[in-house]
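Asks: Position chain G against the provided structure of chain B, taking the given hints into account.
From first to last, the protein sequence lines stand for chains B and G.
Position one of the first sequence corresponds to residue 1 (the numbering used here), numbered consecutively onward.
Position one of the second sequence corresponds to residue 1 (the numbering used here), numbered consecutively onward.
Just so you know, these hints were derived from the structure itself, not from any lab.
One or more of the hints may lead you astray.
Claimed, not checked - Pairwise CB distance ranges, derived in the manner of DEER restraints:
#  : chain 1 : residue 1 : chain 2 : residue 2 : range
1  : G       : HIS218    : B       : HIS603    : 42 to 48 Å
2  : G       : TRP73     : B       : ASN495    : 57 to 63 Å
3  : B       : PRO560    : G       : THR317    : 42 to 48 Å
4  : G       : ASP169    : B       : GLY199    : 36 to 42 Å
5  : B       : PHE43     : G       : TRP73     : 52 to 58 Å
6  : G       : HIS218    : B       : ALA21     : 51 to 57 Å
7  : G       : ILE432    : B       : PHE16     : 33 to 39 Å
8  : G       : ARG320    : B       : GLU373    : 51 to 57 Å
9  : B       : LYS565    : G       : ILE432    : 43 to 49 Å
10 : B       : HIS349    : G       : PRO403    : 35 to 41 Å
11 : G       : THR317    : B       : GLN314    : 34 to 40 Å
12 : B       : GLY347    : G       : PRO403    : 41 to 47 Å
13 : B       : PHE39     : G       : LYS186    : 49 to 55 Å
Predicted model, so just to flag it, every value in this text is computed and none were measured.
For each residue, glycine too, the CB sits at the ideal point set by N, CA and C.
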Amino acid sequence: MFNSEQNHWFVRKVIFWRAAASVAWSVLLLPVTTALFAFLSRFSLFHPIQWISESFSLLYGSYVIFSLVLLCGVVLVVGVFNLEYYTVVPSVPCTKIALLGKVLHPQQSVHSLVHSMMGIMVTWCAATMIGGRYWILAAPCSEEEGVTGQKMCLNEYYLFFLLAGAFMGYSYSLLGVVRNMNYVSFQTIQQCKYLRFKGMLPQVVRYSAVQSLYSVRNYCLFYFFFGYIPRAWICTTLNVHEDSSLHRLDTVSGLLDFRLLYHLWLSGTFLLLTWHITLLLFRIFITEAYSFPVQSSFSEDVSQCLPKVLSEKQPLILKFLALQDLFLLSQQSLSRRMEVFSLSQPGGHPHNWNAICKECLSLLSDLSQRLVEYQEVVASNGRARPLSSHSDQRSTSSETLGMRFLLLLELVSGGVPDLQIFIGLKTPSSSPFSSSSVNRFVGNVDPSSPWYGSVQSPHVMRRGPKLWTASTGRLKFAHVKNFLARRVLIMYLFNKLPEASSQALFADSQAHIWALEGLSNLVAASYKEDRFGVVQTMLPSILSTMLLLQEAVDKHFKLPHASSKPVRSTCCLEDSTFKTLRFALRAALKTAMYRITVTFGEHLHSVQMSAEHRKRLQQFMEYKE
Amino acid sequence: MNSLSLFPPPGPDGNITLFESNNELVCGTSLGSRQKQGWEPPSLLFPRESLKPHSRPESSSKAAFLDHRDTLWMRSARAWRDSGLSGLLDEIANCTEEEVPRWLTVGCSWTLALLRWVSSFHGSLFPHLTLSSEDMVAEFSQVLDWSDCAVRAFAWHPHTDKFAVSLLDDSIRIYNSKSATAPTLKHRLQRNVAALQWKPLCASALAVACHNCLLVWHVDPTSLSTRPSSGCAQVLSHPGHCPVTSIAWSPNGSLLLSASPVDTAMMVWDVAGESCVPLQRVGGGGVTFLSWSPDGSRVLASTPSALFRVWETRTWTCERWPCLKGRCQTGCWSPDGTRLLFSVQGEMVIYALTFTDAPGEPHGWSGSSKAAAIVADLSETSFSTSQGQVRVGGQVQTMAWDPRGERLAVLLKGDPEAPDRPAMIAVFKTRISPIFELLPCGFVKGESGAEPRLLQFHPHFPNGALLTVVKNPSSQHFTAALQPY
Numbered sequence: 001m002f003n004s005e006q007n008h009w010f011v012r013k014v015i016f017w018r019a020a021a022s023v024a025w026s027v028l029l030l031p032v033t034t035a036l037f038a039f040l041s042r043f044s045l046f047h048p049i050q051w052i053s054e055s056f057s058l059l060y061g062s063y064v065i066f067s068l069v070l071l072c073g074v075v076l077v078v079g080v081f082n083l084e085y086y087t088v089v090p091s092v093p094c095t096k097i098a099l100l101g102k103v104l105h106p107q108q109s110v111h112s113l114v115h116s117m118m119g120i121m122v123t124w125c126a127a128t129m130i131g132g133r134y135w136i137l138a139a140p141c142s143e144e145e146g147v148t149g150q151k152m153c154l155n156e157y158y159l160f161f162l163l164a165g166a167f168m169g170y171s172y173s174l175l176g177v178v179r180n181m182n183y184v185s186f187q188t189i190q191q192c193k194y195l196r197f198k199g200m201l202p203q204v205v206r207y208s209a210v211q212s213l214y215s216v217r218n219y220c221l222f223y224f225f226f227g228y229i230p231r232a233w234i235c236t237t238l239n240v241h242e243d244s245s246l247h248r249l250d251t252v253s254g255l256l257d258f259r260l261l262y263h264l265w266l267s268g269t270f271l272l273l274t275w276h277i278t279l280l281l282f283r284i285f286i287t288e289a290y291s292f293p294v295q296s297s298f299s300e301d302v303s304q305c306l307p308k309v310l311s312e313k314q315p316l317i318l319k320f321l322a323l324q325d326l327f328l329l330s331q332q333s334l335s336r337r338m339e340v341f342s343l344s345q346p347g348g349h350p351h352n353w354n355a356i357c358k359e360c361l362s363l364l365s366d367l368s369q370r371l372v373e374y375q376e377v378v379a380s381n382g383r384a385r386p387l388s389s390h391s392d393q394r395s396t397s398s399e400t401l402g403m404r405f406l407l408l409l410e411l412v413s414g415g416v417p418d419l420q421i422f423i424g425l426k427t428p429s430s431s432p433f434s435s436s437s438v439n440r441f442v443g444n445v446d447p448s449s450p451w452y453g454s455v456q457s458p459h460v461m462r463r464g465p466k467l468w469t470a471s472t473g474r475l476k477f478a479h480v481k482n483f484l485a486r487r488v489l490i491m492y493l494f495n496k497l498p499e500a501s502s503q504a505l506f507a508d509s510q511a512h513i514w515a516l517e518g519l520s521n522l523v524a525a526s527y528k529e530d531r532f533g534v535v536q537t538m539l540p541s542i543l544s545t546m547l548l549l550q551e552a553v554d555k556h557f558k559l560p561h562a563s564s565k566p567v568r569s570t571c572c573l574e575d576s577t578f579k580t581l582r583f584a585l586r587a588a589l590k591t592a593m594y595r596i597t598v599t600f601g602e603h604l605h606s607v608q609m610s611a612e613h614r615k616r617l618q619q620f621m622e623y624k625e
Numbered sequence: 001m002n003s004l005s006l007f008p009p010p011g012p013d014g015n016i017t018l019f020e021s022n023n024e025l026v027c028g029t030s031l032g033s034r035q036k037q038g039w040e041p042p043s044l045l046f047p048r049e050s051l052k053p054h055s056r057p058e059s060s061s062k063a064a065f066l067d068h069r070d071t072l073w074m075r076s077a078r079a080w081r082d083s084g085l086s087g088l089l090d091e092i093a094n095c096t097e098e099e100v101p102r103w104l105t106v107g108c109s110w111t112l113a114l115l116r117w118v119s120s121f122h123g124s125l126f127p128h129l130t131l132s133s134e135d136m137v138a139e140f141s142q143v144l145d146w147s148d149c150a151v152r153a154f155a156w157h158p159h160t161d162k163f164a165v166s167l168l169d170d171s172i173r174i175y176n177s178k179s180a181t182a183p184t185l186k187h188r189l190q191r192n193v194a195a196l197q198w199k200p201l202c203a204s205a206l207a208v209a210c211h212n213c214l215l216v217w218h219v220d221p222t223s224l225s226t227r228p229s230s231g232c233a234q235v236l237s238h239p240g241h242c243p244v245t246s247i248a249w250s251p252n253g254s255l256l257l258s259a260s261p262v263d264t265a266m267m268v269w270d271v272a273g274e275s276c277v278p279l280q281r282v283g284g285g286g287v288t289f290l291s292w293s294p295d296g297s298r299v300l301a302s303t304p305s306a307l308f309r310v311w312e313t314r315t316w317t318c319e320r321w322p323c324l325k326g327r328c329q330t331g332c333w334s335p336d337g338t339r340l341l342f343s344v345q346g347e348m349v350i351y352a353l354t355f356t357d358a359p360g361e362p363h364g365w366s367g368s369s370k371a372a373a374i375v376a377d378l379s380e381t382s383f384s385t386s387q388g389q390v391r392v393g394g395q396v397q398t399m400a401w402d403p404r405g406e407r408l409a410v411l412l413k414g415d416p417e418a419p420d421r422p423a424m425i426a427v428f429k430t431r432i433s434p435i436f437e438l439l440p441c442g443f444v445k446g447e448s449g450a451e452p453r454l455l456q457f458h459p460h461f462p463n464g465a466l467l468t469v470v471k472n473p474s475s476q477h478f479t480a481a482l483q484p485y
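Bound conformation, chain B alone:
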């Protein structure tokens, strides 16, 4: 994982420090949550004075101090995992099989394993702090068995608690993948960090409590059915006995222990709350706006200036923060805009503006190209359109595990070419995002393997029946039955999730939105502030790029599922911003066009452009879009 990306100056100088600060703050908040936990764990309605005095005496106990040290370690590890797994471009699985691939990926397995172990550690701390019957794993057996000798019996509550920790840790990790919890979105407004945290904290507490409730329900079901397995295993390995005088916990009466469930829920809430606060702080710190200098008089700092930083492809967080900074400066800072419009001292070239404009335009035209390609694939309904890289990709993917799926699909869909189109589409070499968006999270999965993208098209399934009738004669009856049985599963796994491909296409569109806003704000500001007319030379290409994108976006929204609204997630931590990015992009594009037409008005008639674009622009000038 520690590749060249980690050695980038920005990651070393800014991102690491931001992550460290976020972990430091979560560690500082840990005593507060722990005290709250200790306080609530002793809750008793009928003895309030005893409850409060006990809680206070508990807080000074050595066990709590030791637990705190352990919990700090846990928070540290969670923080490291947050830093290692975060992404600004979510990977949207388009099929069930892609989702399965994400869950089963080795890197994700490491994540789940480590989180399960940390879950055990947190619940161990919780059990120690609650004390009482959760104190120890094995105890001398009670009465009648005690007569036969000093046998040790298993304390099932203890086991139940630790297993719950592992279960909750695993479900945290699993839900994190399914709900894209590692996706970091940027805020629409720039609030200061403390206020953002304060505003989000009640939601995070509520979310943790509710999630913990669900976890407890699922865990109880799990333990009810499979609880005997770990119990028997522990008993045999540690050579302890089961206490037959006590209720077993995998029975209904054993699980209906209200106090046990309350402690379980409280520990789960405590676990999720500490982890969620760490995640929240990480997101808040990492997405804080960073101000890049527009130009520098020292040559060694030139690589850290905005025009240079914008054109870099890796790391993605740097590109996003640079675009955000461009957006902010274009809107808010007169002096920095003047630097953008300024000319270089010897020579008199507008290098700053040219670099910024070129980068924004290439981003936008990449997106329109991506959209046009996607529309062509959908329009041609996947009929063969050989790509130049067809044979290469096939040879590389033949080595992978996914080859079997590929062959299977060859049977279903009747040919590889259309799959290859999708592979080509998903990873256009010109786009800085689409390939890395997959790689950032999933690491080094070969993007041409059919786990990704290949089977996302609806027409693969639509074509199935056609082929089926054509080849009936050639297949034997046994094959048919076999094939059908497999088909149900295949249908389920490979069926495209609605609108997912639309979401995937626009997954990185936050960058495009900032590029549009930044560019249009700069163009609008140039009307009054650009003394040398550097913006005017680029105006025709800016307008034509935006109009091309407008056309492509309009066409995209005519496709099925593209304009259907996704379900809004109710919580703050399950960030579903990426699901609506295409709507935001459409709105930002129109606003950007109007911003330019409102500012320049009739002057735009003297800008050179094609007749078709002029017609389109006229629509904007008459407010008919």
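Replies: Below, chain G alone, put in the same frame as chain B:
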């Protein structure tokens, strides 16, 4: 300082103000004298008889239609869903002896009484919370006497000759100078419309502040349909954020703010993503009126108590401005965003606040003045006209500043009991640079018996400032006065 006594007396009865010429408001008797302007201001009439107010299902009438043979569980579930905890408690407390044990009914009625006592205590701190939501909209709306007015909200499009009017029957009509079709917008959730605003830098989006949500209509300007479907509307709602009484789009069209008098948080909406960020501050008991400065750097947010806030939009921090007398009723910004004029309920003056820092520069947020200055005195003044004494003056209902910063129109509340003291529009001439000046210009007079209810300037009129007035005689009349200078 300015006062109403410096104003020229209002025109004689029967005359209406037509336009401004040579620093004087010209009155005339008929519309015919408008010809020399070469522009005919549109005048729309909404007959009140054709607008039936929406008959709303009141909670009190519900019992007549509900089947009471449902089991207790069904009824409790419905009560919980409809009106939350208090509804559930009320339902159980009113049960008969056979259905629930006695201790439960008694417990529920005690809890209910306790809840009501606590909420009445809360209500005594913030008296507006005891109002019904419709009364609350009427109280905090910018329209004079909102509940009685046939036109409940009005908005010009910021870029093109188009406006939207919300009517008493909860429908919205859109009139466009270039097209004959006037689409009517109706939606199930569109009730008690308190405010309308078009999205800047966009041709089609119209935000509507409704009874329990915000609606954003996307009305295709090229469409010939007269009844756009409710699928064209986005519904934005947040629990506890209703009724919405004020909305404000950011001037660059990216964000939408909404405010409710019962919610202490002001919502910042990302409309495309349908997500919101609450901006919560303790104190005030809610937010009633929002106004975004034209340069986008600051937002005025007034509360139902004697306090208002001025937010800066760079990092969204706010300045608290405690007023002495009452709540801030209305406010408006100068076009460059450096000056805020506002008025306070219970006082007959206009205050001004100056923000001296250049917006947009870092470390600039500090340069506001320490106290607000009184710039105009609007206390009652008598004028003797040919018809006798006319008294003018009073508290300010709403204010509007024209987009070039040269005219300020102020709607003064009259006294409904005193016929010789009607509601009146006073127009000031203003100058922003080099120094701020406010000079009297005149009173705008409508037909006899017509009462002005709301005013707004046309946002991009080429020949000066065009004032639009919503009036309310016995039949609804809507007219516009032109003021070239």
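Asks: Indicate whether the distance between the beta carbons of B/PHE43 and G/TRP73 respects the range 52 to 58 Å.
Replies: violated (30 Å)
Asks: G/ILE432 and B/PHE16, beta-carbon distance inside 33 to 39 Å?
Replies: Given about 49 Å between the Cβ atoms, the range is violated.
Asks: 49 to 55 Å was suggested as the range; check whether the CB atoms of B/PHE39 and G/LYS186 agree with it.
Replies: holds (54 Å)
Asks: Is 51 to 57 Å respected by the C-beta to C-beta distance linking G/ARG320 and B/GLU373?
Replies: holds (54 Å)
Asks: For the pair G/HIS218 and B/HIS603, does the Cβ-Cβ distance stay inside 42 to 48 Å?
Replies: Since G/HIS218 and B/HIS603 have Cβ atoms about 29 Å apart, the given range 42 to 48 Å is violated.
Asks: Mind checking the hinted window 34 to 40 Å against the Cβ distance between G/THR317 and B/GLN314?
Replies: Given a distance of about 35 Å, which is inside 34 to 40 Å, the answer is holds.
Asks: 43 to 49 Å was suggested as the range; check whether the CB atoms of B/LYS565 and G/ILE432 agree with it.
Replies: Hint holds: Cβ distance 44 Å, inside 43 to 49 Å.
Asks: Evaluate the given range 36 to 42 Å for the C-beta pair formed by G/ASP169 and B/GLY199.
Replies: holds (39 Å)
Asks: Note whether the CB distance of G/TRP73 and B/ASN495 lies within 57 to 63 Å or breaks it.
Replies: violated (39 Å)
Asks: Verify the CB-CB distance for G/HIS218 and B/ALA21 against the hinted window 51 to 57 Å.
Replies: violated (42 Å)
Asks: Using the Cβ atoms, figure out if B/GLY347 sits within 41 to 47 Å of G/PRO403.
Replies: Distance hint for B/GLY347, G/PRO403 holds at roughly 42 Å.
Asks: Using the Cβ atoms, figure out if B/HIS349 sits within 35 to 41 Å of G/PRO403.
Replies: holds (39 Å)
Violated hints, listed in ascending order, are 1, 2, 5, 6, 7; each of the other numbered hints is respected by the structure.
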